[in-house]
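Engineer: The chain contents come next:
Protein chains: 2
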Amino acid sequence: MISSSPVERTDFPQRTHFIEDLLETVGQTVKVAGWVSRRRDLGSVIFIDLRDRTGTLQLVFNRDLGTPEEMMQLADTLRNEFVIAVTGCLVERDKQTINPKIATGHIELVVKEVQLVNRAKNPPFYIQEGIEVDEQVRLKYRYLDLRRPEMQRTLRLRHQVFSAFREFLNQHDFLEIETPMLTRSTPEGARDYIVPSRLQHGEFYALPQSPQIFKQLLMVAGYERYYQIARCFRDEDLRADRQPEFTQLDIETSFLPTDDLLKMMEEMFAYVFAKVLGVNLTLPMKRLTYADAMRLYGSDKPDLRFSMAMVDVETFARESSLEPFHKALENGGIVTALVVPGCAAYSRKQLDELTQFVKDYGLSGLATVAWQSEGIKSSIQKFVTPEQLTRLMDTVQAKQGDLVLIAAGKEKTVRQAMGALRLKLGRDLSLIDEGAYCFLWVVDFPLFSYDEELGRYVAEHHPFTMPKREDLHLLENHPEHVRAQAYDLVLNGYELSSGSMRIYQRDLQERMFRALGFSEDEARKQFGFLLDAFEYGTPPHGGIAFGLDRLVMLMAGGKSLRDCIAFPKTASATDLMMDAPSPATPEQLATLGISLRTTVK
Amino acid sequence: MISSSPVERTDFPQRTHFIEDLLETVGQTVKVAGWVSRRRDLGSVIFIDLRDRTGTLQLVFNRDLGTPEEMMQLADTLRNEFVIAVTGCLVERDKQTINPKIATGHIELVVKEVQLVNRAKNPPFYIQEGIEVDEQVRLKYRYLDLRRPEMQRTLRLRHQVFSAFREFLNQHDFLEIETPMLTRSTPEGARDYIVPSRLQHGEFYALPQSPQIFKQLLMVAGYERYYQIARCFRDEDLRADRQPEFTQLDIETSFLPTDDLLKMMEEMFAYVFAKVLGVNLTLPMKRLTYADAMRLYGSDKPDLRFSMAMVDVETFARESSLEPFHKALENGGIVTALVVPGCAAYSRKQLDELTQFVKDYGLSGLATVAWQSEGIKSSIQKFVTPEQLTRLMDTVQAKQGDLVLIAAGKEKTVRQAMGALRLKLGRDLSLIDEGAYCFLWVVDFPLFSYDEELGRYVAEHHPFTMPKREDLHLLENHPEHVRAQAYDLVLNGYELSSGSMRIYQRDLQERMFRALGFSEDEARKQFGFLLDAFEYGTPPHGGIAFGLDRLVMLMAGGKSLRDCIAFPKTASATDLMMDAPSPATPEQLATLGISLRTTVK
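Each protein sequence line maps, in turn, to chains P and A. Going by my numbering, the first residue of the first sequence is number 1, and it counts up by one from there. Going by my numbering, the first residue of the second sequence is number 1, and it counts up by one from there.
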């Protein structure tokens with residue numbers, strides 16, 4: 001432990017300026033305070049970079065310029081991350097020492113007095129940009145990691161993004177309304193975190209996976225335009241881009257048709273991106289139906305920063321004599337092609353790699369057609385005529401130098417495999433404009449998906465999603481064909497949001513619950529209050545929720561959600577700094593009426 | 001259940017205007033949508049009040065003015081809380097039918113077309129102002145209760161208050177930073193809500209009682225100005241004015257001395273009150289030390305909307321021959337007086353009531369002195385001379401017509417009893433200006449209080465509070481005399497906030513933990529990461545947290561916290577609408593590695 005004498009402990013040295021405000025103060029005596037971020041000792045002169053949250057300033061300790069002797073000696077003892085307060089005269093730097101890389105690069109402070117406010121041990125890693133440090137160490141010492149400029153920039157960006165969303169929504173007459181954190185477990189969806197009740201032993205609150213039901217009830221209550229930047233919880237096994245608690249911008253409106261809502265949301269994003277990043281988004285944003293997104297890109301969240309859509313080549317397949325093509329079509333499957341620009345000269349080894357890639361996704365192989373300078377060469381040229389190959393090049397709009405990859409099989413498998421291959425090629429071939437923000441609405445999702453494990457249909461979004469009116473008659477007998485009034489916003493291949501118009505009539509909601517396999521009793525028990533609410537004058541309503549952690553990650557140009565959250569958890573949902581979770585005391589458990597099934601630790 | 005034919009189900013009738021925007025549209029054809037809030041059938045004419053979230057508008061169905069016959073018939077079927085959309089021509093009302101009480105009282109809509117969007121059952125209570133309904137029913141049907149204008153006003157006010165705080169803080173370079181909800185149990189303070197971990201059986205997260213430690217770590221991390229509108233949790237037995245989850249405005253700053261911080265907070269409140277209520281607060285706000293607040297008002301959160309301070313009358317007591325006065329002083333107690341203006345004529349019965357009131361607080365009785373028109377009369381005139389009584393009137397600054405109440409005994413008991421009596425009299429005599437906002441800082445709190453149950457000192461605020469420098473030498477041997485650099489903001493007798501400067505050196509924090517009875521091991525185990533953090537260059541810092549639920553309640557002029565929260569819990573921490581908490585499934589418990597101690601339900 002570092003001891004420090006009382007004389008060093010001057011509470012609250014009052015700075016006169018933040019560093020970023022110094023640019024206009026040349027010639028004045030100022031007082032600044034912050035952290036030592038670098039120190040260079042040239043003997044008669046000592047330079048120190050002082051950091052506060054607004055920037056960095058060069059301090060000069062120089063006897064010849066009037067720094068008192070005892071301050072020179074004190075400067076000699078300063079080390080990185082010491083907290084100091086400094087009084088001095090702000091001067092222009094000599095021309096040859098100007099540092100154009102930082103905002104204060106043309107000024108420096110000639111020190112008259114320095115106060116040591118607090119000492120610092122040598123930190124476990126450097127407090128600077130782009131360090132290569134094990135993330136476990138960064139998370140354990142998060143308070144030091146958060147000192148680094150890139151983390152400060154990201155949290156500042158996060159704040160600005162949140163503020164801009166609120167500004168836009170407040171201007172558009174939305175009310176932010178808080179909904180409970182201690183609420184009720186609901187089925188359908190991820191696993192809940194639950195909280196034992198002390199007053200009702202054996203009963204539990206659930207932390208919300210989203211404020212879905214509350215926001216719908218606020219529509220019943222006539223608020224018409226609601227939003228909330230809400231903390232939500234899911235007790236799922238964590239992937240790299242998941243956190244047990246996450247933040248979403250939750251929105252619900254009444255009397256607003258889908259088109260109007262999506263238009264308003266587009267304007268909101270345009271406002272936020274212009275205000276925070278100075279980026280002008282092109283409106284309206286693109287839209288694709290779910291069916292088209294799957295057909296063209298093999299994904300319900302395609303990255304449209306590059307094109308490379310699939311082209312189905314049924315005619316070509318039928319004209320060929322290739323057995324697997326015919327078999328695929330006979331079995332109701334598809335034959336589809338991807339054009340890989342400029343890759344006609346791919347080697348056997350490179351092509352094998354691509355084939356291996358799709359095999360991992362369940363395809364049996366890839367047919368390849370390369371339009372080389374000496375002509376069109378193909379792995380299946382025994383089964384097609386040169387004319388057929390030429391017509392194929394026309395069909396898929398390939399140019400000389402391009403490589404065409406063809407896959408056949410069950411539709412779902414082929415689409416997913418070719419979609420993944422498309423993404424891999426986009427990245428490998430640097431087809432992606434990393435600076436672009438490519439927004440896309442995917443609409444008309446299926447209302448249900450079939451859960452093999454449960455042996456029944458489950459709601460693709462959630463059980464409150466309004467079916468498309470024209471598909472309503474299919475609800476009982478062909479649920480797989482019912483489309484939802486649902487829309488996702490996709491940014492650069494990431495699903496940013498999920499939204500839908502909601503059911504607002506009791507009888508339709510009851511049909512929906514039946515379609516999901518709820519008995520009347522179960523529906524009544526779980527959602528009785530909601531069914532009741534629908535009978536007291538519920539307006540047509542719908543909404544959307546945006547994942548803000550991911551949005552901030554994309555806006556910050558980062559790759560990890562954890563870098564966009566001040567105090568994130570690891571993939572095993574632990575907090576390495578505070579060491580949470582941690583054992584409860586026997587008294588706590590007794591008070592809550594619960595016990596542990598096995599003795600631990 | 002209400003059945004409705006498909007024809008009634010026109011999705012999303014697109015309104016052209018909110019009601020509040022209609023004032024400029026006389027003569028135009030408009031479409032509005034909302035809820036039927038009142039219907040008067042005069043035979044040939046039907047009037048309906050239509051409500052949306054912005055106001056109420058009178059609809060006129062009148063054949064003679066051109067309402068089609070089938071619309072007249074439809075109007076006949078409409079009932080309260082039906083959702084409708086209406087097209088018509090906006091006209092000025094006849095002079096004699098103008099309603100000056102509502103904003104749209106001079107206009108009405110002559111209906112051309114009405115769409116029935118959704119029906120409604122008869123609600124269990126009227127959707128209007130100031131209803132007298134059992135709160136249990138209001139909470140069960142919260143979605144209807146929230147439709148009432150006063151609830152809508154309060155939630156709108158809440159939103160405006162939150163927005164105004166954010167505006168001010170954003171303008172002053174604060175960053176809003178979110179801290180975790182799934183965190184670690186900390187000792188000292190209220191009971192935690194805990195959340196079992198699925199991945200680490202036997203371990204638990206705690207929901208935060210406040211972001212205290214995180215915000216201090218953000219200061220270590222150099223953010224300097226942090227805020228968060230944060231949800232916090234306390235599993236305590238609930239009083240009328242407590243909720244298991246509550247919202248606080250949490251603030252922390254570095255390098256900012258107490259005076260600067262309090263000044264900034266005062267300006268923040270002035271900004272919010274001016275912006276939201278149009279009320280100009282007088283700055284600077286009053287300040288009292290804790291010692292003075294207790295001495296003058298017998299409370300650490302005095303209501304200063306009226307004066308009536310205690311005046312100690314030791315000289316008078318010594319000069320009297322009244323045994324209890326002498327005994328009180330001999331035992332180190334006090335004799336103190338309250339002047340009750342204009343109550344010299346109180347009857348014996350009225351005086352008995354006051355005496356009974358203070359007896360409930362542990363006093364043996366009250367001496368009374370009434371300055372009536374015929375002279376000064378006292379319950380103790382056998383023990384004092386008329387001259388002494390006259391001098392007493394001078395000491396306590398009583399006027400003719402006033403009643404003086406005198407109590408003697410142990411200081412703590414007397415102060416509390418007389419403080420409570422002061423409040424009661426203030427209310428009973430209508431001395432309180434109900435429209436006033438009387439802010440007060442109470443400063444220099446004791447650092448510790450003695451917990452009789454635990455048999456040791458506990459932190460009055462929390463264990464991170466900085467002692468006053470001049471009292472530091474008392475920390476080990478006279479902790480009861482150490483004052484804290486702590487400050488509470490009081491509004492109209494309610495504690496709005498609690499704040500302090502924090503300890504920022506490891507050795508002082510360790511002394512503090514020792515004074516609180518922590519062993520080195522315990523301190524290390526619970527707060528090791530914080531003690532470590534203090535060694536890496538921690539700036540001087542301090543902060544404050546404001547209870548926003550209560551603030552909104554006071555600004556809305558309400559008496560119940562529950563009326564200021566969209567979905568509150570009852571005093572037994574239940575949600576009557578959703579029926580939470582509720583039993584977990586056996587699978588949920590097994591997954592979490594916990595079991596119930598007793599079988600329930």
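Note that these hints are calculated values from the structure, not bench results. Incorrect hints may have been included.
Same chains, same label: a pair holds when it works inside one copy or across any pair of copies.
Stated by the list, open to error - The calculated DSSO-like cross-link candidates involving lysine-lysine, where the alpha carbons are at most 27 Å apart (straight line), are:
| id | residue 1 | residue 2 |
| --- | --- | --- |
| 1 | Lys377 | Lys101 |
| 2 | Lys468 | Lys101 |
| 3 | Lys121 | Lys525 |
| 4 | Lys263 | Lys31 |
| 5 | Lys31 | Lys301 |
| 6 | Lys382 | Lys121 |
| 7 | Lys412 | Lys95 |
| 8 | Lys140 | Lys95 |
| 9 | Lys359 | Lys140 |
| 10 | Lys301 | Lys525 |
| 11 | Lys382 | Lys349 |
| 12 | Lys327 | Lys301 |
| 13 | Lys140 | Lys525 |
| 14 | Lys327 | Lys121 |
| 15 | Lys424 | Lys301 |
Engineer: Run every hint past the structure and note whether it holds.
Structural biologist: Hints and how they fare:
When the C-alpha separation of Lys377 and Lys101 is checked against a cutoff of 27 Å, the pair qualifies neither within a copy, at 53 Å, nor between copies, at 84 Å. Neither within a single protomer nor between protomers do Lys468 and Lys101 lie at most 27 Å apart by alpha-carbon distance, with minima of 56 Å and 44 Å respectively. With identical chains, the CA atoms of Lys121 and Lys525 are at most 27 Å apart between copies only, with a shortest distance of 21 Å across copies and 59 Å within one. When the C-alpha separation of Lys263 and Lys31 is checked against a cutoff of 27 Å, the pair qualifies only between copies, where the shortest distance is 20 Å, while the shortest distance within a copy is 50 Å.
Proximity of Lys31 to Lys301 under the C-alpha cut-off of 27 Å is found in neither arrangement, the shortest distances being 53 Å within a copy and 38 Å between copies. In this assembly of identical chains, Lys382 and Lys121 lie within 27 Å of each other by CA distance neither inside one copy nor across copies; the values are 73 Å within and 73 Å between. Within a single copy, Lys412 and Lys95 get their C-alpha atoms no closer than 66 Å, and across copies no closer than 70 Å, so neither meets the 27 Å cut-off. With identical chains, the CA atoms of Lys140 and Lys95 are never at most 27 Å apart, being 43 Å at best within one copy and 74 Å at best between copies.
Neither within a single protomer nor between protomers do Lys359 and Lys140 lie at most 27 Å apart by alpha-carbon distance, with minima of 41 Å and 56 Å respectively. For the homomeric pair Lys301 and Lys525, neither the shortest alpha-carbon distance inside one copy (35 Å) nor that between copies (46 Å) is at most 27 Å. Taking the shortest Cα distances, Lys382 and Lys349 sit within 27 Å of each other inside one copy (21 Å), while across copies they are farther apart (116 Å). Taking the shortest alpha-carbon separations for Lys327 and Lys301, neither the intra-copy value of 30 Å nor the inter-copy value of 84 Å comes in at or below 27 Å.
For the identical chains of this complex, Lys140 and Lys525 are inter-copy neighbours only, at 15 Å across copies versus 44 Å inside a copy, given an alpha-carbon limit of 27 Å. Taking the shortest alpha-carbon separations for Lys327 and Lys121, neither the intra-copy value of 71 Å nor the inter-copy value of 59 Å comes in at or below 27 Å. In this homomeric assembly, Lys424 and Lys301 come within 27 Å of each other (Cα to Cα) only inside a single copy, at 15 Å, whereas the closest approach across copies is 65 Å.
The structure fails hints 1, 2, 5, 6, 7, 8, 9, 10, 12 and 14 (numbered hints given earlier, in ascending order).
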